[in-house]
Amino acid sequence: DTGVSQNPRHKITKRGQNVTFRCDPISEHNRLYWYRQTLGQGPEFLTYFQNEAQLEKSRLLSDRFSAERPKGSFSTLEIQRTEQGDSAMYLCASSLLQDYGYTFGSGTRLTVV
Amino acid sequence: DAKTTQPPSMDCAEGRAANLPCNHSTISGNEYVYWYRQIHSQGPQYIIHGLKNNETNEMASLIITEDRKSSTLILPHATLRDTAVYYCIVRPQNTGNQFYFGTGTSLTVIP
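Sequence order for the protein chains is S and B. In terms of the numbering used here, the first sequence has 47 at position 47, counting the first letter as 1, and numbering is strictly consecutive. In terms of the numbering used here, the second sequence has 39 at position 39, counting the first letter as 1, and numbering is strictly consecutive.
Do not rely on the hints blindly, as some may be mistaken.
One-sided and incomplete, this derived list gives chain S residues near chain B with beta-carbon spacing under 10 Å [to be verified]: (1) V4; (2) F21; (3) Y33; (4) Y35; (5) Q37; (6) Q41; (7) G42; (8) T47; (9) F65; (10) S66; (11) D86; (12) A88; (13) M89; (14) C92; (15) Y102.
In case anyone wonders, no lab produced these hints; they're calculated from the structure. All of these numbers come straight from a predicted model, not from anything done at the bench. In this text, a Cβ means the ideal position worked out from N, Cα and C, and glycines have one as well.
Given the sequences, and given the hints that come with them, work out the whole structure.
Written out as structure tokens, the structure is:
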């Protein structure tokens, strides 16, 4: 296991379509985080899971966004009825329960046209 | 919300030490100082963290002032691969909560 894996790396979609991203964390990590990053800004927190439980959601996570981590392993982030403002890099990170920092994946870059 | 202030950009000559400052004047007693960096088109990478003592690892050194209101990340011998955005973050350790990244310092290492 070499790190956090995110797929796809790039996604171009038409406005109004639904998209789903996948994150595979480091296998023994029980915490998983989703962040969003727009051009010129630092990453912004969206949500995090401890095992399969979603423990916190940012107000940035509108009703069109849903995240799951069904068996406490991989996670998916779905965006319904995409809008141009959803264009961003979506980053996933994972950590152990007692850990100093996160390990991030390389992200999925979403472009809504 | 970000509780740190960093210069937006800095340059450093290759092979010289890069000293990146961070102000965190409202830091609480239980909050640690974390540093991450983000190389273009990659996710952020953890560098180092500390509470009040200076810290050193294979990547960098972290110097925290005695009053803890500011800190400096030191890359002792900067290389071109150190060109990145560096984020200084304060947060209680092991809260499970998010990091607030702010906009960081864009460091350019010049050949």
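Hint check:
Interface restraint check: S/V4 against chain B, minimum CB-CB distance 7 Å, threshold 10 Å, status holds. Interface restraint check for S/F21: the shortest CB-CB distance to chain B comes to about 13 Å, outside 10 Å, so the restraint is violated. Interface hint status for S/Y33: upheld, as the beta-carbon distance to the closest one in chain B is roughly 7 Å, under 10 Å. Interface restraint check for S/Y35: the shortest CB-CB distance to chain B comes to about 8 Å, inside 10 Å, so the restraint holds.
A least Cβ separation of about 8 Å between S/Q37 and chain B falls short of the 10 Å threshold, and the interface hint therefore holds. Interface restraint check for S/Q41: the shortest CB-CB distance to chain B comes to about 6 Å, inside 10 Å, so the restraint holds. Evaluation of the S/G42 hint against chain B yields a held restraint, the C-beta minimum of about 3 Å falling below 10 Å. Taken as an interface hint, S/T47 checks out: its beta carbon lies about 9 Å from the nearest beta carbon of chain B, inside 10 Å.
Among the interface hints, the one on S/F65 is violated; its C-beta lies about 15 Å from the nearest C-beta in chain B, farther than the 10 Å criterion. For S/S66, the interface hint is violated, the least distance from its beta-carbon to any beta-carbon of chain B being 18 Å, above 10 Å. Given the 10 Å rule on beta carbons, the hint for S/D86 is violated: about 19 Å separates it from the nearest Cβ of chain B. Because the beta carbon of S/A88 sits about 13 Å from the nearest beta carbon in chain B, more than 10 Å, this interface hint is broken.
The criterion of a C-beta within 10 Å of any C-beta in chain B is met by S/M89, whose closest approach is roughly 9 Å, and the hint holds. Look at S/C92: its Cβ gets to within about 8 Å of chain B, closer than 10 Å, so that hint holds up. The interface hint given for S/Y102 is met, as the beta carbon of that residue sits about 7 Å from the closest beta carbon of chain B, less than 10 Å.
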